[in-house]
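Visitor: Sequence:
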Amino acid sequence: MPNSTQTRFTPPYQESELLYNNVTGYNPAQIIMGRNDQFNNTYDLFNATLAPAAEVTLDQKYRVELNTIKFQDIGDSEIGTYNMSDEIFTLYCNNSEPYYERDDASLISLSNSIVDPGDNPVEKAKKIYDWVSDNLVYNGGLPAQEMGALWAYTNLQGDCSEYSSLMITLLRIQDIPARKVTGFLISNNPSLRPKAGDVWNFYASDLGSNMLGHAWMEYYVPDIGWIACDPTWSSATGYFNSIDFLRFNLNVGANFFFPPSFTMSEFSNPVFVHSGGLYNFNYDIKITVLASNLLPSGSFPILLIVFIAVGVAAVLITLIIIIKRSRKKEGAY
Numbered sequence: 001m002p003n004s005t006q007t008r009f010t011p012p013y014q015e016s017e018l019l020y021n022n023v024t025g026y027n028p029a030q031i032i033m034g035r036n037d038q039f040n041n042t043y044d045l046f047n048a049t050l051a052p053a054a055e056v057t058l059d060q061k062y063r064v065e066l067n068t069i070k071f072q073d074i075g076d077s078e079i080g081t082y083n084m085s086d087e088i089f090t091l092y093c094n095n096s097e098p099y100y101e102r103d104d105a106s107l108i109s110l111s112n113s114i115v116d117p118g119d120n121p122v123e124k125a126k127k128i129y130d131w132v133s134d135n136l137v138y139n140g141g142l143p144a145q146e147m148g149a150l151w152a153y154t155n156l157q158g159d160c161s162e163y164s165s166l167m168i169t170l171l172r173i174q175d176i177p178a179r180k181v182t183g184f185l186i187s188n189n190p191s192l193r194p195k196a197g198d199v200w201n202f203y204a205s206d207l208g209s210n211m212l213g214h215a216w217m218e219y220y221v222p223d224i225g226w227i228a229c230d231p232t233w234s235s236a237t238g239y240f241n242s243i244d245f246l247r248f249n250l251n252v253g254a255n256f257f258f259p260p261s262f263t264m265s266e267f268s269n270p271v272f273v274h275s276g277g278l279y280n281f282n283y284d285i286k287i288t289v290l291a292s293n294l295l296p297s298g299s300f301p302i303l304l305i306v307f308i309a310v311g312v313a314a315v316l317i318t319l320i321i322i323i324k325r326s327r328k329k330e331g332a333y
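Numbering (my numbering), first residue to last: 1 to 333.
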């Protein structure tokens, strides 16, 4: 949603267009398309009751443009003044919440020890980014459940969620709005240079997945906007104040409300909530590169890649979800 409180001034490192959307295989009890949450994420909801061995299929196609964005040499004169009454502070700064314990005394002490009082927001972000990257040890064997900032600091380890949560929390303590971004990677090789015609196939099911889920973060600077960083990838050519074309942003924010009555700290894609019987699911994504104007590796201007998915004679991202119930049950949204 352009020019909203949550997105204003955000650089266009991802622009998406939904080309096709269809749900088949059942008579929906309720379907809500294009719903916006408080963080400005757009999503679809549906629920249904399926007979034994029946299935429902969601088929979507997107055209997505990804850009590499890098902010360099931001000076004091370019940085505006924070409006502390802005909704951004309510959503992304003022409140201590699960996994972002900005009121914890040990985290407050840590944050204040990393930065200097005279630092501008970008200088504070760089010092916090460096501390998180230098002091946490990556642990890819953690459970899927998010552990949070305080746990990461206490244990000095984490995966991408903990790296991002700790950086976000330390920034919020300095009254700098910050938020998590979650999505997935087409590759964890930062030297990859996609070209037109390249294809990737990803899947997730009740039996396993080859999707490269990932989390990174953004912080807000007045008169600049939201600036993306990836503290987990700090050693890979530097991801402070920069983001590349290897990741798909699925949502921003945290502790999402999910019908009928609970919240999720990180919003996976898709999400199933059910009562009663068991079910199987298959989630397939095919990504095809439509066009690319990438420069040789080592250069870092604004770059553009256009992705698209199957089913159309050019490019799209195709998302196909098939949910099969083993016996009659009702799925809630």
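It should be emphasised that the hints constitute simulated quantities derived from the structure, not laboratory data. Remember, it's a predicted structure, so these values are computed and weren't measured experimentally. Hints may contain errors.
As the list claims (entries may be wrong) - DSS-like mimics (lysine-lysine), calculated; alpha carbons at most 30 Å apart, straight line:
(1) Lys70 to Lys127
(2) Lys126 to Lys286
(3) Lys195 to Lys286
(4) Lys70 to Lys286
(5) Lys70 to Lys126
To be verified - Distance ranges between label pairs, derived from CB positions:
(6) Leu294 to Asp206: 32 to 38 Å
(7) Pro98 to Leu156: 19 to 25 Å
(8) Pro98 to Ser187: 29 to 35 Å
(9) Pro117 to Asn83: 18 to 24 Å
(10) Ser77 to Asn280: 56 to 62 Å
(11) Thr24 to Thr154: 45 to 51 Å
(12) Pro143 to Leu207: 16 to 22 Å
(13) Asn112 to Thr90: 37 to 43 Å
(14) Asn83 to Ala51: 53 to 59 Å
(15) Ala51 to Asn293: 48 to 54 Å
(16) Asn112 to Asp223: 31 to 37 Å
Glycine included, each C-beta is placed from N, C-alpha and C at the ideal position.
Visitor: State for each hint whether it applies.
Guide: Against the structure, the hints come out as follows:
no.: 1; hint: Lys70 to Lys127; in the structure: holds (18 Å)
no.: 2; hint: Lys126 to Lys286; in the structure: violated (36 Å)
no.: 3; hint: Lys195 to Lys286; in the structure: holds (15 Å)
no.: 4; hint: Lys70 to Lys286; in the structure: holds (28 Å)
no.: 5; hint: Lys70 to Lys126; in the structure: holds (14 Å)
no.: 6; hint: Leu294 to Asp206: 32 to 38 Å; in the structure: holds (37 Å)
no.: 7; hint: Pro98 to Leu156: 19 to 25 Å; in the structure: holds (20 Å)
no.: 8; hint: Pro98 to Ser187: 29 to 35 Å; in the structure: holds (31 Å)
no.: 9; hint: Pro117 to Asn83: 18 to 24 Å; in the structure: holds (21 Å)
no.: 10; hint: Ser77 to Asn280: 56 to 62 Å; in the structure: holds (58 Å)
no.: 11; hint: Thr24 to Thr154: 45 to 51 Å; in the structure: holds (48 Å)
no.: 12; hint: Pro143 to Leu207: 16 to 22 Å; in the structure: holds (19 Å)
no.: 13; hint: Asn112 to Thr90: 37 to 43 Å; in the structure: violated (23 Å)
no.: 14; hint: Asn83 to Ala51: 53 to 59 Å; in the structure: holds (55 Å)
no.: 15; hint: Ala51 to Asn293: 48 to 54 Å; in the structure: holds (50 Å)
no.: 16; hint: Asn112 to Asp223: 31 to 37 Å; in the structure: violated (25 Å)
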